[in-house]
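Turn these sequences into a full structure, and let the hints guide you.
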Amino acid sequence: MPLRHPQLNERGELAHLLTIEGLPRTLIHHILDTAATFVGVSDREVKKLPLLRGKSVFNLFFENSTRTRTTFEIAAKRLSADVVNLNINTSSTSKGESLLDTIDNLVAMHADMFVVRHAQSGAPYMIAQHIDRTRRGEVHVINAGDGRHAHPTQGLLDMYTIRHFKGDFTGLTVAVVGDVLHSRVARSDIHALTTLGVPEVRVIGPHTLLPGGLEQMGVRVYTDMNEGLRGADVIIMLRLQNERMRGALLPSAQEYFKHYGLTPEKLALAAPDCIVMHPGPMNRGVEIDSAVADGPQAVILDQVTFGIAVRMAVMSILAQS
Amino acid sequence: MPLRHPQLNERGELAHLLTIEGLPRTLIHHILDTAATFVGVSDREVKKLPLLRGKSVFNLFFENSTRTRTTFEIAAKRLSADVVNLNINTSSTSKGESLLDTIDNLVAMHADMFVVRHAQSGAPYMIAQHIDRTRRGEVHVINAGDGRHAHPTQGLLDMYTIRHFKGDFTGLTVAVVGDVLHSRVARSDIHALTTLGVPEVRVIGPHTLLPGGLEQMGVRVYTDMNEGLRGADVIIMLRLQNERMRGALLPSAQEYFKHYGLTPEKLALAAPDCIVMHPGPMNRGVEIDSAVADGPQAVILDQVTFGIAVRMAVMSILAQS
Amino acid sequence: MPLRHPQLNERGELAHLLTIEGLPRTLIHHILDTAATFVGVSDREVKKLPLLRGKSVFNLFFENSTRTRTTFEIAAKRLSADVVNLNINTSSTSKGESLLDTIDNLVAMHADMFVVRHAQSGAPYMIAQHIDRTRRGEVHVINAGDGRHAHPTQGLLDMYTIRHFKGDFTGLTVAVVGDVLHSRVARSDIHALTTLGVPEVRVIGPHTLLPGGLEQMGVRVYTDMNEGLRGADVIIMLRLQNERMRGALLPSAQEYFKHYGLTPEKLALAAPDCIVMHPGPMNRGVEIDSAVADGPQAVILDQVTFGIAVRMAVMSILAQS
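Protein chains in written order, with the working numbering: chain Y, 883 to 1203; chain D, 883 to 1203; chain G, 883 to 1203.
Calculated from the structure, these hints are not laboratory results.
For every residue, glycine included, the Cβ atom is placed at its ideal position computed from N, Cα and C.
A few of these clues could be false.
Stated by the list, open to error - Short derived list, chain G residues pointing at chain D, Cβ under 8 Å:
id, residue
1, L933
2, G936
3, S938
4, D964
5, V966
6, D983
7, D986
8, N987
9, A990
10, M991
11, H992
Claimed, not checked - Listed below are the simulated DSS-like cross-link pairs for lysine-lysine, each with C-alpha atoms no more than 25 Å apart in a straight line:
id, chain 1, residue 1, chain 2, residue 2
12, Y, K1048, Y, K930
13, G, K1048, D, K930
14, G, K1048, G, K1148
15, G, K930, Y, K930
16, D, K1048, D, K1148
17, Y, K930, D, K930
What the hints assert, rightly or not - Covered stretches of chain G (in silico footprint by chain Y; criterion: 3 or more residues with CB under 8 Å from a CB of chain Y, positions within the stretch not fixed):
id, stretch
18, 917–929
19, 950–958
Written out as structure tokens, the structure reads:
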């Protein structure tokens, strides 16, 4: 029987961060509380803490993402870690066996942490399980996005942002809007929101971009955006990936914007103090109107700032486990 | 009305380094004086100063240039900064809007300095103005070369080199030779030389590679190299870019060398203690003969050494503003 | 007449590490002894030593190798050096002249060490000789693999591994198996083994993958693997490069595995405590069976761990010369 919480060690501490699914509520709050202590650090004249001094953090990006890699690189360097960036061509590691040989090699170099981005769902799990089997406790794995599955640090920074602006989760209505089907961000956010006790999580999108089984995740599904936004305290817009726009799933970007693009008019249906979030990078004029993206309710750049603190928090918690 | 000195703050301090045009003479000398204090640092056993400790310097290279990126990376690391290199594919940021979203994101990560290289003239300006509009004073921009427009740190290191070998600018004849039309180095050098009071700045090149309006910049134009070099104290050779050599502007590299390549014979027309400069990388046998490039009057590698110190100076001055 | 030991300075100290050929036995042992002091460092909580603080190490990779680059990067960072990675497209430096201009530029930036990987045999020599001619003693060159010629740090880490597990070299039978013809690892290992006094060095492979002149290097040649492995204390498997497998030199990977792949059955012919080494990355099922690669006699990951310590040793010794 597989472990139910492969990312926790026997003492219940975080050993890897692979997904938000199954993370205890207290642990999520512990990560957010730790992040709060780091928010000030990035604001100081000297933005360095020695918590990871002499530790080796490897950014293993099997899928290219300059943006995400940069946030982890900055977070690790502000904790004084040594950072090595590896863009690994997936073609050279197409066989699982050979991927694990690569991992074994890096472990043998006395790595302390792997930040793993991979196009295949589950790759960070496979790596973490392999390490636990062979060199348990020596290297911690952070999932920086795997396929359509999970993007837990994005989910955590989204929760940090909501808690920062709304104080508490227990009275909120949160709407997640867009291409939920292909979004690892949506999946991580929904797990986090329900774990943290948000009473009403809504998902809004066209039928073709909504996966089955959403109701079982504890969310309410809307295909009419106007209806779904009504009274929302938080709106999380999702990025529409370019390849979807000219695919069979959608008629056109213009048509999508008409129905699911967040305009000032649609935003007016939400609560007056509703905040607008987006994981970036934004497609202005596709899923979000510039007037909203640059407007007073958008907290999109705050998300980025908090994201550094959250990643610092995850790394420092893992380093102590 | 646009600000005349968008790179100076209200106290007249350097807030960004975008161009040499319009920089006050005293400020240029202040940069060169500061650089002089750093020249020794690179020579020491431990080549580190803590001036930028905890600062985050982002090398934003929208145009690839390993060579220039390396000089900034080394300069920043010798000042103890954290350096993040981003090679940003211009195709993914073809719309100005999306470029500014990228910038906003990096600013939100609490960047301290952007070193920007861009194929489009004016891109570093646009970035600096955007920052000044939204997060004034938080991030400093250094132009590391924009299109045909400017390459101010190259201009400054050239001035450092001239001052080092000649002591003073006010009695000099300086000749800039080659493809002035496409050269951001030439433009930056001419502005610097005239600002610093060089009484005779000459520009030498074939008609097809000389831009209009040179006389208004305060320089004398020559198409005959022998005439232009006569009595020169300093010769600044420009790189002939490969794409020009087989274009409509030039008959051939051989023909170019014959008329505008710097040979020992041509160099003999200049002052006996004339120094020879080149921004690199050199096309030996095209714009410069190896006998000159490796000869006793060449100070080309000194330029590289001084270039590190000048970039350290610019960064440390910006960090204090 | 060329110097016989271009990598030693006039005091007999290591000035560059270009090849194991001609390195005195005492110097090899000095490197291994120094490495032994670093093995513990990578195991500690804080894996940093200040020995190269303020030094600039340039990884000059004219041939791409993420794996090897990473080992040098980690080694340099654990010694507190500033590391700059340069992937230099060989096409832009196809002329030797222009390669040396690149080198001159980096030297002028006050580099302390060049780690050079190049597809052409001899390139690190040319660079070292150029530096010795122009800026003697200022920059140390480490060969990180040049063409088919040498890979001295791999040779040294292999010797470290053998000494670690076998204690002494003077009673050993060592078999090097596979594509010796194209292997710089094999060449470096053979020079090291004979210098260190291994009485029996055997080379095993098909005729088409064995170079001429092996006997003059002091080794015994076998084309029958069963015969060659008999009684061996150490087996060094070589990687079969993919391009060989479908070339004229070999019938097929399957056929190769049948004759020269290391299986448990073949391994049983060696001494009972024989260790199995491989420089990586492995082709499982081609030159080595997974049962052997993951078996109790394999020390392949120990090689990786020792490799970091050996590279730290080489760098720290060079920095003191």
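Right, here's what the structure says about each hint:
| no. | hint | verdict |
| --- | --- | --- |
| 1 | L933 | violated (11 Å) |
| 2 | G936 | holds (3 Å) |
| 3 | S938 | holds (6 Å) |
| 4 | D964 | holds (4 Å) |
| 5 | V966 | holds (6 Å) |
| 6 | D983 | holds (6 Å) |
| 7 | D986 | holds (6 Å) |
| 8 | N987 | holds (5 Å) |
| 9 | A990 | holds (4 Å) |
| 10 | M991 | holds (6 Å) |
| 11 | H992 | holds (4 Å) |
| 12 | Y:K1048 x Y:K930 | violated (29 Å) |
| 13 | G:K1048 x D:K930 | violated (43 Å) |
| 14 | G:K1048 x G:K1148 | holds (21 Å) |
| 15 | G:K930 x Y:K930 | holds (17 Å) |
| 16 | D:K1048 x D:K1148 | holds (21 Å) |
| 17 | Y:K930 x D:K930 | holds (17 Å) |
| 18 | 917–929 | holds (count 6) |
| 19 | 950–958 | holds (count 4) |
The earlier numbered hints that this structure contradicts are 1, 12 and 13.
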